[in-house]
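Now for the letters of each chain:
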Amino acid sequence: MSNRAHLDDLGLSTGKKARLHRILHEHGLRNGTALFLPYDQGLEHGPRDFFANPAASDPKYILRLAVEGGFNGVVLQIGLAEKFYWDFAGEVPLVLKLNGKTDIPPDDAPLSPVNASVEDAVRLGADAVGYTLYVGTPAQPADFAALRTVREDAHRFGLPLIVWAYPRGPAIEAKGGKSSFYAVDYAARTASELGADIVKVNFPQPTLRTSVKPEYDADFSAQQAIDAVVRSANRTQVLVSGGERAGDEAMLEKARRSMDAGALGLIFGRNVWQREHDESLRFAARLREILASHSGGTPPRAAQPELIGPFDRAEALSAS
Amino acid sequence: MSNRAHLDDLGLSTGKKARLHRILHEHGLRNGTALFLPYDQGLEHGPRDFFANPAASDPKYILRLAVEGGFNGVVLQIGLAEKFYWDFAGEVPLVLKLNGKTDIPPDDAPLSPVNASVEDAVRLGADAVGYTLYVGTPAQPADFAALRTVREDAHRFGLPLIVWAYPRGPAIEAKGGKSSFYAVDYAARTASELGADIVKVNFPQPTLRTSVKPEYDADFSAQQAIDAVVRSANRTQVLVSGGERAGDEAMLEKARRSMDAGALGLIFGRNVWQREHDESLRFAARLREILASHSGGTPPRAAQPELIGPFDRAEALSAS
Amino acid sequence: MSNRAHLDDLGLSTGKKARLHRILHEHGLRNGTALFLPYDQGLEHGPRDFFANPAASDPKYILRLAVEGGFNGVVLQIGLAEKFYWDFAGEVPLVLKLNGKTDIPPDDAPLSPVNASVEDAVRLGADAVGYTLYVGTPAQPADFAALRTVREDAHRFGLPLIVWAYPRGPAIEAKGGKSSFYAVDYAARTASELGADIVKVNFPQPTLRTSVKPEYDADFSAQQAIDAVVRSANRTQVLVSGGERAGDEAMLEKARRSMDAGALGLIFGRNVWQREHDESLRFAARLREILASHSGGTPPRAAQPELIGPFDRAEALSAS
Amino acid sequence: MSNRAHLDDLGLSTGKKARLHRILHEHGLRNGTALFLPYDQGLEHGPRDFFANPAASDPKYILRLAVEGGFNGVVLQIGLAEKFYWDFAGEVPLVLKLNGKTDIPPDDAPLSPVNASVEDAVRLGADAVGYTLYVGTPAQPADFAALRTVREDAHRFGLPLIVWAYPRGPAIEAKGGKSSFYAVDYAARTASELGADIVKVNFPQPTLRTSVKPEYDADFSAQQAIDAVVRSANRTQVLVSGGERAGDEAMLEKARRSMDAGALGLIFGRNVWQREHDESLRFAARLREILASHSGGTPPRAAQPELIGPFDRAEALSAS
Amino acid sequence: MSNRAHLDDLGLSTGKKARLHRILHEHGLRNGTALFLPYDQGLEHGPRDFFANPAASDPKYILRLAVEGGFNGVVLQIGLAEKFYWDFAGEVPLVLKLNGKTDIPPDDAPLSPVNASVEDAVRLGADAVGYTLYVGTPAQPADFAALRTVREDAHRFGLPLIVWAYPRGPAIEAKGGKSSFYAVDYAARTASELGADIVKVNFPQPTLRTSVKPEYDADFSAQQAIDAVVRSANRTQVLVSGGERAGDEAMLEKARRSMDAGALGLIFGRNVWQREHDESLRFAARLREILASHSGGTPPRAAQPELIGPFDRAEALSAS
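From first to last, the protein sequence lines are chains A, B, C, D and E.
Using our numbering, the final residue of the first sequence is 321, and nothing's skipped along the way.
Using our numbering, the final residue of the second sequence is 321, and nothing's skipped along the way.
Using our numbering, the final residue of the third sequence is 321, and nothing's skipped along the way.
Using our numbering, the final residue of the fourth sequence is 321, and nothing's skipped along the way.
Using our numbering, the final residue of the fifth sequence is 321, and nothing's skipped along the way.
Think of the hints as simulated: they come from the structure by calculation, not from any bench.
Careful: at least some of the hints might be erroneous.
Repeated chains share a single entry, so a pair holds when one copy, or any two copies, can fit it.
[To be verified] Cross-link-like lysine to aspartate or glutamate pairs, in silico, DMTMM-like; alpha carbons within 25 Å at most:
id: 1; residue 1: K18; residue 2: D109
id: 2; residue 1: K61; residue 2: E216
id: 3; residue 1: K61; residue 2: D41
id: 4; residue 1: K61; residue 2: D261
id: 5; residue 1: K61; residue 2: D218
id: 6; residue 1: K102; residue 2: E250
The structure presented is a predicted model; accordingly, all values stated were derived computationally and were not measured.
Chain A with its partners taken away, still in its complex shape (with noise of 0.2 Å):
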C-alpha cells in the first residue's frame, strides 16, 4: 500500500510523463518509487569528498556504481555529463544539474550560478534536469528570475525540473536554521509554488525551535514534520537526501520515515560512495528494500518486465 500518487494524477505534460515513466518505471526497482545518486560534491565541496573513497573520484566509477545499484538516476554537472555519459548513455537516466558552485567564498548571500541550459540536457538524453535554488537569502531575487527560465525552458521541451529546495542565508540561521521543520517545508511550498516537479529537501528535524514563526515552535514528531513537508509540496514529488555521511541506522530511519509519509523516494550520494564498493552496493540494496516495501500508486498499464520473460509479456498482456 502507497499514499504516493501515481504518475496519472500529477499535473505533467506528455514529455514529463513519460520522461518520469522512464524514471521510475523502467529504471530501479521499476515500482514507481525513485533512488538518484548525486555527483556534483567534486563542485559543491571539492575533492575533499573523494578521500574517503579514492577511486569515487573516477566520474566512470560513480556511473558504473548507479548501473550495478540499480539507482533510478545520476545526477552530474555539464563537464562531466559531456565527458563520461556516452559510455553509458541510456544505461541509467541523466539528471542534468544546471547550476552549482564551489563552497569556498562566504555564505551569506549564496547563489548558484547556471552553468548549462536545459537544452544541453535535451542533448544529452538527459530526463531530468536539475536546480538549486537557495530559500530565504538575500539573493532571493536573482535566484527566483533564474528558476523561472529553467522552469520555462523545462516546460517548453517536457523536461521534468528537480529543485534542491535548500533554506539558507542569515535569516534562516536567526529562526531555527536550515533543518528546521519551518525552514524545510517553506523551502518544500516554495519549489512547488515556482513549478518544481519533484523537490529534493534534507529531512525535517522538528527539535529545531528556536526563533521560529509561532507554528512550527510546538511539539512535532519527525514522522508529523516529514508528513506535513510532503503535503505542502503536494502534486510536487518529494526526494528525500541523505547530505553528509552520518549512521547507517538513522539514515535509514529517516529513508523509513520519508516513504512512509508519501516522498518519492532517496537521493543518496556522499552516504553511498564515500565507502568502498561493495560496501557501496550493499547500503544501496539496503535503500531499495524501504523503496521495495512502499511501492508506489497503481503500476503503469504495461505490467512490471522484470517478472516476464521475452516472450512471455504479449500473452500476459492480452489475457488481461
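We have chain A already, so just place chains B, C, D and E on it with the hints.
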C-alpha cells in the same frame, strides 16, 4: 443602484473586455461584482498559513472551494496553476499571479521577483494576471520596470492586469505606515497611473495620521477614505483585500463600505479558507450577499429583456 | 445518454480545456454540445449571400443573433472581429477564422490564405481559431505548411484549433466528389492526424461512389457513414456543417444523425441567417432541441451534486 | 551471433546513443534489434486502411497493441501523438513522424510536407523522429532542403533520425520501379549520405531489372540484394518495412533474410493491425521470434534486466 | 609507457578531437604530449615582463620562437592574434585566450573580462580557446556565467576549451593560499565539472596547510599532490604552468613530476622567453626531453613514428 461603471465605459480593449466580462458576468453572481479567492500565501508566508485548516494546504481543495463558493476567480502562482488548474479548467476563472516571494529575508527593500509571464497565463487559459507592486520602496525603479513589461504583455495579449498595490518600505513606515489613508490612496493612484485595470488595496485607516502628508492629517471617516481611494483609482477598478484573518463582523463592515464606495469587489483568502470547509462556504455566502446588494453597472446586453427572443435564455438554460 | 467523450478525456492542454469548457459548458445549452454560427460567407461567397435577408449583411445583427439564439460561438474573419466583437465581448465566444478567400478565381488548386494570427485571436479574447484545409488538392504542401504554423501557435497559446476540412481539387472530383463518404472520411482523418482539436465536415453522402477507393464502393447508410467519420476523427471532435441553405427537415435529419453518431455539434450559418430574424431564432431553437437530447459526456465537476455545499450554486445564481 | 554493429560503434552523439539505447535495450526484446509499429496510414492512405479491422481506427487501440506486442516503438503523426501518447507516455517509445501527406493528388512529383518539428518531438518525449524522403523525384531539391533542417535539429537535440527512403517518380518508374534492387539500394545510400541514423526501406526485388543501371542488370538473389542494401547504408541502420498486407509466410521470409543481412529490425504496420487483435499479437510474436534469433551486437554493460529479479541485479553485476 | 588516456577515450566531439589531434599529433613531438607557449603577460602584468629580454616584446619574435622551439601551440590575446598570426598561420597552432585583464586594480574579487569570442577563434583558424576562471572569489557567479557562454560556443564550434583554473580571493588566502594542494585540487576539479577539455594549473604545494580543509591537512608529497590533481581532473587533461621565472632545475623537476602523474603537458612562458633567444630554445629542448620520455596513450592510427625523429623538425625549421 450602483456607482460602479459599466464595463463598456472603462476604456478597455476587446480582449480585456471579453475576459472581464467572463469574470464579472459569466461567473460568481454574474452581476458585475467580483469575489476573488487568492491562494499564494504558501509562497508569501509559507505553509504556516495552512495550520489553522490543514486541508487548505491542498490546492485541489482550494480550487473546489472556489467553484463551490461561487467565486469569480482564483489566484495562483505558476507552479500550482500548472499542476492543478487543468482539473477545473474554465470552471472558475484563473488569475495567474506573475510575481511573488518568501517573507524570510528582511523586508527593507522588498521586491517581488517575476516568476511567470503573461504568455504563461494565456497558455493556461487564465482570464487575468496579477502583479505585486511595492509602492514607495527603495527598489521602486526595478519594480516599475518589471511592471512595465507585464503591462506591455498584458496589453499585447488582451489580459486584464490586476495590481496588488502594497505601500512598503522604511519611508512608508515613517509616514503613517502601510495601512494609512495616505499610503493606500497613493498606492491605488500609482497602480492606476501605471496601467492597472484592477487594483487590489488594503482597507485604508484614516486614523493612522502620524507624519503623513498634511492633506491626510485631518478627520476622515473610514467611508470617506475608501470613497477617496476608489475615486483616485477611477477607471481602474478596486478590489479590497481581507488581509490577515480578523473578526468576521469587522471584515464584513469593511466589505460593505468598500462596495458602497463603488469598489468592484473583494479578494478574501485567509479569512475564507483558514476555517473548516462549511464555515468557509458560509462566510463566502455572507460576502456574496454584500455583493448581491451592490450589483454593478448596467447588465450586459444578453441579459437585457428586449434582447431576449421567443426562446427565453434563462429558462432554456435552467431547464438543462 | 451520449457517446461523446468527456472533456477530460480528449488529450487537451490546460488552456485548450479551459477555453473549450467555456464554449461547451458556459455558453449555449451548457451540456457539452455546441452550436456555432459561422459568418465568413461575405468573404467566401461575397455579399450575394445576404440578398435573402439584407439585415444579415450587418455583423452587429449577426452577433446579436448569436447571443439571442444561445449559440456556443460565432465565427468571424479578422476585420469584422476587430470592429464588432468589442460590442459583445465575452457574451458569446469568438472563433477567429484565420484564413479565407474569395470564390472568384478558378478552384482547381484552392488555397486559403492566412489573414490573421493566433496571437490576433488571443488579443481579441477569442476562445478558438479556425483554419480551412483543402484536403487532396495540388496545393497540399503549402496548405499543410500553413496549418502547421497555426497548430504550433494554437498549442503555444492554448487555443483550440478548429479545422474546416474540405476535400477539393480535380483528384477529389475524379474520385466521387467532395461530399462522398470517401472524401469526407479522409478529410476528417487528415485534420485529426495534423492536430485539429475540432474538425468541421460536411455530411457524407455514401451514394456518391463513382471511382472512389474500393473500400467505399459498397452499400453504406447515411448513419453508417457519419458514424465512421466520427470514429475516424476520434478524439478530434466533429462539427457537421449545414452548407448551402436546403430544406429544413433534411437539415434537421442530418443534424440528428450527426449527434447520434457522437458529433460534438453543428455549425449552421446560411441555414440560420438567410431568413427573417424570428425565423432564424426558431430554426436555431429546433437545432438546440436536437443538441439538448444529446448532452455530452459527464457534466463538469461544478455541476456534480456531491460538490455542491450548503449553499446551492444554481439556486444562488438563479436568485440573483 | 550477429553481424550487427554495437551501439558504441555507430558514430553517435550522447543523446542519440541514449535514446537508441532506450529503444533497443530498454524495450521490446532488449537485445539490440527493433520491431516498430507504424501508424500514419490514416493520413497516407486514409481511413480505408482500417476497414479490415475497424478497431484499428482508434489510436488508443494501436498504442495498447504496441505495448502488449512488445514493440520497440510506435510511429505517429503530430495530431495523434498530442492527443494519445500521454496515456502511454514512456511505456513504448514514440517515433514522431515529422512529414506526411494524403495520397489523393497525383504522385508524379511527390513531396511530403513537414507537419511537425524536432522540438515537438522533444516536447512530447519522443525517442526518435521520422522523415519520408522521396528519392529520385523532380521535387528532390525541396525534399533535401527540408530533410536538412530536420537533420540539423535532430543533431542539435540529440534525437535519432529515421528516414523513410522511398524511391519515387517517373524516372524511378522508368528504371525498374520503386522496389527494384537498384532503386532501394540507391535510396538507402542516399539516406545514409544525407545523415539518417536509421533508414527504412522496402525489401529489394532484384528481378525487377528492366532499364535499371547495368550494374544491377545481373542475377542477384534476394539475399544478395538485401545484403548489399545493408552494406550501402553502413553505419546507418536498416529497417525493412512490410508494406501492404501480403502473405504471412512471404513476409516472414523477407524478415528473416533482412535480419540475416544485418538489418536492425522490422517496421510492420498494416501486416500487424489489419487483422483481429489476438491475430495481431500472434503475428507480432512470430516477428519477435525472428528478432530473438538475431540478437544485436554485444549487450550493453548492464545485463538484460528481464533475466534478473528486483534484487538480484546488483549482486549479479558486482560479481562481474 | 604512459598513464595518459588516448584521445579516443576523452569523450570528445568530432571537431574537438580533430583539433586536439592537430595539436598533439601534428605538432611538437607528435607523441600526444603538449608544450604550450603562453604570451598574454603583456596584458596580465604589463611590458615589465619584457625587460629581461626586450626582443620578447615583439609578438613576431615569440611566434617564430614557438615554431622554432617545436611548441604545440602559442597563446595570444585577440589583438596580437589579429595582427601577427597571419604570418605563421597554421605553422604553429593558435590558442586564442578569450579573457584577460591588467593587474593594476586590487585583486580581492578578480574577474577576467571576455575580450574575444569563440567565433573570433574560428575565424582566425585557432585550434583551441583559453579562459581564465578565478576559482573561489566573490565574483564566482559572474565568472561561471561567462565561462558557460564560452563552453557553449566551444561545443557548438567544436573547439577544445582550455581553462586557466586559478584559485583566488580572500577565502582562498585564508585557507592555505592559491598554491596549496587544497586550492589547486579544487580548482582543477571545478574546471572539469564545468566543462574544460584541458585545465591549466599551477603545481600544487602540499606544505601550505594552514587552515585548509582537514582532508588536506596531512603529510602529502609533491608527487602525491600532483597525482591527485590529475585524478581530480580526470578526462579533463592537465597542463602544468611554469608561473614566474624560477630556478631551472626546480622547474624541470616539477615538469617531470607532472608528466609522471599523467599530465598532458606543460605551459611555460616567462621561463622560456625571459632569456636570450638561443637560451630559450635550449630550455625548451630540455622540456621536450621530458615530454619525449612520457609519450601519450597509444599513437593515433595514422602516425608513423619512423617518419620523423623527436628533434628533427625543430632543426629543420631553425635552419630555414
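Quiz item: Going back to the hint list, which numbers does this structure go against?
Solution: 1, 5, 6
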